[in-house]
Amino acid sequence: MKKRGLPDLFFVILVLYLFFPILATSLYAFATKWNKTIFPEGITFKWISTLFQDMNFIEAFGRTVLLSGGAVVIAFLFVVPAIFVIVLYFPKYEKWIQAIVVMVYAFPGVILAVGLIRAYSKIGVPMVFVVLGAYVIGILPYIYQSTRNSLRNVNARQLLDAAELLGASKVQSFLKVLLPSVYPGLFAGALLSFSVLFGEFVLINLVVGSRFETVQIYLVKKLETSGHIASAVVFVYLVLMGILTITISVLTKRSKGVANT
Amino acid sequence: MSYVVIEGLHKKYGTSTVLSNIDMTIEKGEFVTLLGPSGCGKSTILRIIAGLTDATAGVVKIEGKDMTRIQPKNREVGMVFQSYALFPNMTVKENVSFGLKMKKMEQKEIEKQVQEILDIVHLTEKADAYPHELSGGQQQRVALARALIVRPKVLLLDEPLSALDAQIRKKLQSDLRSIQMELGMTMVLVTHDQEEAMAVSDKILVMNKGEIAQIGTPTEIYTKPKTEFIANFIGHYNVFSRQELEKMIGKTLPGKGAKFAIRPEAIHVKMEADDFYMIGIAKESVMSGNVIRTVFQAGDRTYSVEQLHQRAQHFEVGKAYECYVAPKDVIELT
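Respectively, the protein sequence lines represent chains A and B.
Note that my numbering has the first sequence beginning at 1, numbered continuously upward.
Note that my numbering has the second sequence beginning at 1, numbered continuously upward.
Next up, chain B with everything else stripped away, as it sits in the complex (with noise of 0.2 Å):
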């Protein structure tokens, strides 16, 4: 049996539903993380499975264990909140120490173990500092270390890195990983972040108005997405009509799709055998770091070509050229 089990789960506010029979499993060890958009419902499925706001139906269960009467306190689940919400009245050694001594733990061992956390996240120089005394990053580590010290079955993490700088949080994002490995903690990471969730996950439930709409590893999501709506959301996916597409490849196409999605990675201006392809007019070029993005115009259409930026081929604005896609990057969509 899966170590943490959500079935048929819904949630209403007054008339308005914000989840809708949810049913998801995670394993132990496991990093998963809940990507959607803002409003989604995916903070919500967090507070419901830390207890802290009741669902209208449905069941949560830890360790086959039916949490829907179990206080929050004794649920043992973390959680790492997006404000951080450190205690602005205690130093970083005491907002740490503070789950251990709920416990009643020994002030030795209480010591010991806040000592090692601060190692872990290296915030040891810092255990006598306030919470105001310290950056956002620092912040974020103290919230995690407070959260991880306690050794909770499932840590959950509600945005927990959005208010941080990009280079920041490209480093924490590394940092939680390694940590979630080393202590084979399971984690429930919500995000928007699309490059976040595939940084660090090794599964992503893709939501969309209070319902999964697709779940899978990272390369599964980003390279068969199933819905249009995961096309656009996941990455710069070109999507077209089933009649856009035979109109601009001169081909009839397979399947009963009415939708298709091309990677923009995906098209290229090599010609292989079997290759579908399309003429457009480069109509213009944006590098954003190691990738030039370039649109191009074919009839009424636009679709964009991405190529790294050491590889490219110089596209000229308002000419025309050839690009070829292989039948098997043309995903249709359901």
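With the rest of the complex left out, here is chain A (with noise of 0.2 Å):
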């Protein structure tokens, strides 16, 4: 039999040292007191629900929601579109939006915030409008690679080439075929990119800081306060981001069902 003593023990130190910071935080979430001892001295729901009882954190939750759904369904409504005429119609233009993708990843946030302000707070956009946009460019990369990925796995430019060819128009073709065959990675896109946006802290703090509180500024305010709040509402987003997690793999995997056809 092999021997797997050595990676199976650096597999092990990684799991610890990516696990432990989560699981203590989420302890500390339900610790009634964790000061002197190893293990927390009692368990309690005390600060989830006061957690749940503070306006202010269901109004920063309800922000955030608003703030990251939005931008998903701006770009899904005019940047998904844009990327399935390019990639379908004109794959030579692919290397232009390759090149934004690029730039998005090349601008540091702090950097990017500067330039908001300053192009602009003085022409009376409300800044909040500005961060959502930047927003919308922001998720570009997750949403061009999941529409890309989807478009080819089912092969998209000859499922439509088969539908016309047995009489139906482009609309029916993109309608009853083409949408229903890549919605699972379409679908997997947002969540990637909701979820990365729910964490976004730089750009919202600096572009628009606590006139508009999200969860992510809510949570840094909390942590100069109550540590066991500032744990529960990192419980809370490890939930969600779980669930989300969870649901893009199972999309995932369905959208491979699909591409094996």
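Hints are computed from structural coordinates only; laboratory data are not their basis.
Watch out, some of these pointers could steer you wrong.
[Stated by the list, open to error] Away from chain A, derived, C-beta distances all over 10 Å, residues of chain B:
id	residue
1	Q71
2	N89
3	K103
4	D128
5	E228
6	L253
7	P254
8	Y277
[As the list claims (entries may be wrong)] Listed next, the in silico DSS-like pairs over lysine-lysine satisfying Cα-Cα at most 27 Å (straight line):
id	chain 1	residue 1	chain 2	residue 2
9	A	K176	B	K101
10	A	K176	B	K112
11	A	K170	B	K104
12	B	K283	B	K256
13	B	K104	A	K176
14	B	K108	A	K176
15	B	K126	A	K176
16	B	K61	B	K103
17	B	K65	A	K170
18	B	K12	A	K92
19	B	K328	B	K224
20	A	K170	B	K73
21	A	K170	B	K103
22	B	K259	B	K203
23	B	K126	B	K28
24	B	K170	B	K28
25	B	K12	B	K61
26	B	K259	A	K176
27	A	K95	B	K12
28	B	K153	A	K176
29	B	K101	B	K112
30	B	K103	A	K176
31	A	K92	B	K209
32	B	K61	A	K170
33	A	K170	B	K203
34	B	K328	A	K170
35	A	K36	A	K92
36	A	K170	B	K101
Please read these numbers as outputs of a predicted model, since none were measured by experiment.
Glycine residues also receive a C-beta, built at the ideal position from the N, C-alpha and C atoms.
Make the complex out of the two chains shown on their own, each in a separate frame, by following the hints.
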């Protein structure tokens, strides 16, 4: 039998390294007291309960969902159709989208924030809308990759050709054949984008500040007053991200099943 | 007038010419194959007939009607793709009935026709399966059923069997030909497999570098190749220059052709009257199923001889043999 001692050991160390902070934070969200002992002295739902009774948190959560979800919806209404057309009918223009995608990664958040403030602060556009616009561009890499991969997985151009030759119009081909075939991939891209924006702090904090308190800004404030409440915020955030990750994983598997046809 | 007429077809992508001066006709109920190596433009012809690609110049007529400005959905042309292009979100039944639904046919009639076509392609028990639950051969049958059910005027088949293994491919070739003859449908097949082309076609168009190199029945193409390209592409022809062959047989050949081709099975070891003969040293013998192919060395040239396995004479490697070929089997190439 092959000896796997060392790789297994490294794997365990890596898992512990990654998992311990999450476990400790989650435990702290349920700990009555945890100062001088190895394990919490007791378990309580007080902090979670307090969190959900705090209207500031509920409002911050709502704002974050609205801002992140809004950016994703706008991207799907305007960016996805453009990517569809380019990938299917004008593939030679894909290089330009790829260049924009790289630029999104290349801009550090701080520089982007300063640029946005200088460009838009004096023209009367509410800065929260400016951030919304920046978010739409910020998730372009995720939207582009998921859309393009979905289209390639199902050989989209050929599906459209086949549907048209069977008597379908372009609109019918798109609605009845292409969209249902690629939606798992697109939905996974939307969830991924949403989860990335949900955790965004730099841009919203620098451009809008606490005037538009999101979950991340609320979290930073709570870090100064109560570690338990801050841990409860992180726990809720982790649960939400866990649900999104599992959903993405299920959808990706389903999308792969489609690609095998 | 022919059922399908293609006149003066040209296709360019930028500065590169993909098709050049293609003229061809297809009769009603005929099974025509476009045969050629990858990149010779055969699939482009299919896409132009279907209306999925625009020609740079030229005309496609079906039943005498110019199709140039007709949308693909109104051409009444069906197509089976190499990658099947089955709709992954639909079951077999839904895939097959899609074309009839687009024609707004009554549901009862749709169900009846779907049942009939699934019977023809032996997939009745898979009616409710999704494409990813089927084997490659079954998926290809669904694609065929989906294209056949709308009764297209012409059915185009773009290398539909190339992704399948040899055994299933042979079975589907035979099924395809039977269905075509049963329905009397006009079909155009694109393939790079010369055996497949020979097995199913009424007529073969051999293509090379965007041009039609030769048109003929399978027998004509195989027994009378016009050029060195066709002789090499269509089988294991021995192709010699005039000088090489005259030196080997010790005689002057008639005609003015610079190249000659001899089928490997036309070379034998039993002399008949007027046969040319050449001496070669057996280099190696390879058995491929029912045929044994032996390679002989004659000076600085080699040639191969094919014999049926059961009647084959054994050639000892390294030993010299006299091989014979009838003058009628020495084909002058242009």
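Legend entry - 27 Å Cα cutoff - pair B:K283, B:K256: violated, 32 Å
Inset, instruction - Would you mind confirming whether the straight-line C-alpha gap from B:K259 to B:K203 stays at or under 27 Å? - result: Answer holds: B:K259 to B:K203 is near 26 Å, not above 27 Å.
Inset, instruction - Compare the distance between the alpha carbons of A:K170 and B:K103 with 27 Å, and conclude whether the hinted pair is satisfied. - result: holds, 15 Å
Inset, instruction - Grab the minimum beta-carbon distance between B:Q71 and chain A and tell me whether it stays above 10 Å. - result: Check fails; 8 Å does not lie beyond 10 Å.
Legend entry - Given hint B:K61 paired with B:K12 - CA-CA distance at most 27 Å: Roughly 20 Å separates the two Cα atoms, so the pair holds.
Inset, instruction - Say whether it holds or is violated: B:D128 keeps its Cβ farther than 10 Å from all Cβ of chain A. - result: Nearest chain A Cβ is 15 Å from B:D128, so the label holds.
Legend entry - Pair hint outcome, B:K259 versus A:K176 [Cα-Cα no greater than 27 Å]: Judged against 27 Å, a Cα distance of about 57 Å means the pair is violated.
Legend entry - Holds or violated: A:K170 to B:K104, with C-alpha atoms at most 27 Å apart: holds, 17 Å
Legend entry - 27 Å Cα cutoff - pair B:K328, B:K224: holds, 11 Å
Legend entry - Pair hint outcome, B:K153 versus A:K176 [Cα-Cα no greater than 27 Å]: holds, 25 Å
Legend entry - Proposed proximity, B:K73 with A:K170 (alpha carbon, max 27 Å): With a Cα-Cα distance of about 9 Å, the restraint between A:K170 and B:K73 holds, given a limit of 27 Å.
Legend entry - Separation of B:N89 from chain A, once the least beta-carbon distance is taken, above 10 Å: Non-interface label on B:N89 violated, nearest chain A Cβ at 4 Å vs cutoff 10 Å.
Checked against the numbered hints listed earlier, the structure breaks hints 1, 2, 3, 12, 23, 26, 33, 34 and 35; every other hint is satisfied.
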